[in-house]
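Note that the protein sequences, when read in sequence, are chains C and Y.
The numbering used here puts the first residue of the first sequence at 55, with every later residue one more than the last.
The numbering used here puts the first residue of the second sequence at 55, with every later residue one more than the last.
One or more of the hints may lead you astray.
Just so you know, same-sequence chains aren't split out, so a pair can sit in one copy or run between any two.
[As the list claims (entries may be wrong)] In the DMTMM-like style, the derived pairs of lysine to aspartate or glutamate whose C-alpha atoms are separated by at most 20 Å in a straight line are:
(1) K176 to E348
(2) K293 to E321
(3) K350 to E338
(4) K372 to E486
(5) K293 to E462
It should be emphasised that the hints constitute simulated quantities derived from the structure, not laboratory data.
2 protein chains.
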Amino acid sequence: MTASIDFNSIKTQKGRLLETIHETAKWGAKGKWGPGETETGVCRLALTDLDKKVRDWFVEQVTDLGCQVKVDQVGNIFAIFPGQNEGVPTGIGSHLDTQPTGGRYDGVLGVLSGLEVLRTLKENDIVPHYPIALVNWTNEEGARFPMSMVASGVWAEAISLQTCLDLESFDDVPRKFGDELKRIGYAGETPASYHANPLACHFEIHIEQGPILENEQKKIGVVVGGQAFEWNMVTVRGKSSHSGTTPMNTRSDSLLATSRIITMAIETAEEHGGLATVGTLSLEPSSVNVIPLEVKFTLDVRHVEDAQLAKIMNVIKKKTEEIATTSINTKYAKPLSVTFDNITTSKAVKFNQTNIDTVKKAALSLFDESQVREIVSGAGHDSCFTSTRIPTSMIFIPSKDGLSHTPEEHSSPEDVENGFQVLLRTVLIYDEMRAKK
Amino acid sequence: MTASIDFNSIKTQKGRLLETIHETAKWGAKGKWGPGETETGVCRLALTDLDKKVRDWFVEQVTDLGCQVKVDQVGNIFAIFPGQNEGVPTGIGSHLDTQPTGGRYDGVLGVLSGLEVLRTLKENDIVPHYPIALVNWTNEEGARFPMSMVASGVWAEAISLQTCLDLESFDDVPRKFGDELKRIGYAGETPASYHANPLACHFEIHIEQGPILENEQKKIGVVVGGQAFEWNMVTVRGKSSHSGTTPMNTRSDSLLATSRIITMAIETAEEHGGLATVGTLSLEPSSVNVIPLEVKFTLDVRHVEDAQLAKIMNVIKKKTEEIATTSINTKYAKPLSVTFDNITTSKAVKFNQTNIDTVKKAALSLFDESQVREIVSGAGHDSCFTSTRIPTSMIFIPSKDGLSHTPEEHSSPEDVENGFQVLLRTVLIYDEMRAKK
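Assemble the whole structure, with the sequences as input and the hints as a guide.
Written as structure tokens, this is what we have:
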């Protein structure tokens, strides 16, 4: 049987994907949150012994399916399922590494859904028009080596090979990315490069990691891109003095100014349809009866449009200046100095319209329009890097309570199955489309 | 010559008090802030070798003046300058210990101004009607042994002897108060008790440690009491989630709620004529792209009236509940849980009217009414404990920029001299009044 769009004739093994997810969770199961055997998270940091075990298992599985396996210079594994024609493979992929307090689904769902696609094709004797490459990207989380999505970044030639290989781990005795890659046997020879080792496109299925699909009772999110974001370290410096002896009208309370800035920044982002979060904050000198001299906090601001993000940041900086230098409603907390130090700015990602349409078509072949929704990814993914070089899009399934990066991270068995079905159909529709060109 | 109110006939040694202050600063000089030899602070923690040195020097000085020296069970030194009559001594005192980042004046000014009073009486052959006890209270700062004003507290029988002796120091190898007292030779046998070792009254001269006198160009503050204050640990608990994937209207951002609470609490205190300060704040989990789950901060609220302090706290708690449980202006940041855990509540201190009038009379014998001001102490002092048992009041001199607990703490030579003159006259007026009873 050749690839075809008669989806109803394809037999799938319902529940097998979830079983596979739970099977691989044995390599790193951690963080028990319920009585059931599968009610734990997973801690499987990149290039550790546990990562080696799941990689070895993965290579064995795809080899059994007849795939050719290529490992590139940063440990990305490309499992090439043969097609009827030679040609650049259709890419699907995600990552098998996790956060230290990771769940069972983040990343893992994407790689194992891809494996389930290959298994299904094999069992149904479907040979696609073109090869399919199932990719396991290295160190997506940036949890052990502090650069998220670094290996898809090298592949996309956005990050240099050497930068990646020289990354030092957060271990007590820090180890280099390149050394750990060799130690576990995944320092491959395939060039880590989108043009030396190309993919025709990239599809990635992932948990949403947010509450939108669940709240709106949607089954599938068709991901159209990723938000722009900017991180700043904000330093507010006032005057330290005794809490009992300093009248209000002579204070320069850096924490009072900070409190106003935080409230204003979050309200400003919200008014413009963006997001703002202060996730870290520290103050000096930190004593109950001393007015803080200096507060430092990180400000994470996001918007789906680059221009809107820039506008929000402008408003926040302008209003911060007003809070710091003039009296706002009250006569105290002035004047202070406030500085913004940019940590990182990431442009908005726009996925390829053809790929978005393909995912949508696949989703609508299974569900009503009311059950499918376009969505913008709030988090970064390997697809954000692949999208800079090749047509890319993503599929989201609901996350229970919007939780992720925690052992309780959960998606229902039904949602896991739905996601796989959409991925399978997406790949086959895209393959058919390539053949017709 | 006997004690008299002909102040103009008394010869004083202008500048000697300041010289003495600088002389004793050699035991602990630290924190250079200017080119001059005296431009450092002092670090002389209670019951250290440095404290022993300044105590030994102090005992030598007062013994030379003909004082009888008594050391009580918590190391308080009572130097009794004889009077014409037997009787309970008129007390003056303060403390020779400092903060780790202390200046040259906090506490030291009070003890050495008392010494200068005794020197002046001696040189002028003035024998007061009643004895004068100059007191060096132990560990006022609570910086080495974590209980401020503990030794005057034991003397006032507000704190038990054993509690004090068992206090453990903040040293790397903690040491007990009682053991250190023995080690430096200041574990005396005089009962630490206001009725076994009484004083007729207590006058204390101190730097203001705030900016009021300086800002209003006053020479002398006549201290009428101490503020009431309440410290709480406030815990705000929301929901932790990803900063990029969590829409604003589904967040329970504990730091946003905290920012609103801090602003509201400070504004509420100010509206009621009180003070509010948040001096410490910590949050979990503390990651740039994670909405904080929990924030803990200390809230220090003060007012000169107990009833007003209670009212402010009620308003703050009520408004906090509103912020935590309902939408205020925006639709996010709800609902959260907020708890207030009381750390300490300290009642307002009212000094004795006769003592206040005595200080005022002394001050007005030297300065215009426009140069003298009644003031409430923002900080705690040994006089707060003595005032619970004996007639007490205090004299403040201006603090440059309101600074204290920092090496730059400064009062001008003129202000130091003024303070001493007011203390001298206060003691003589009070002594005369006792004789006339």
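Checklist entry - Hint by hint, which ones does this structure get wrong, listed from lowest number up? => result 1 and 4
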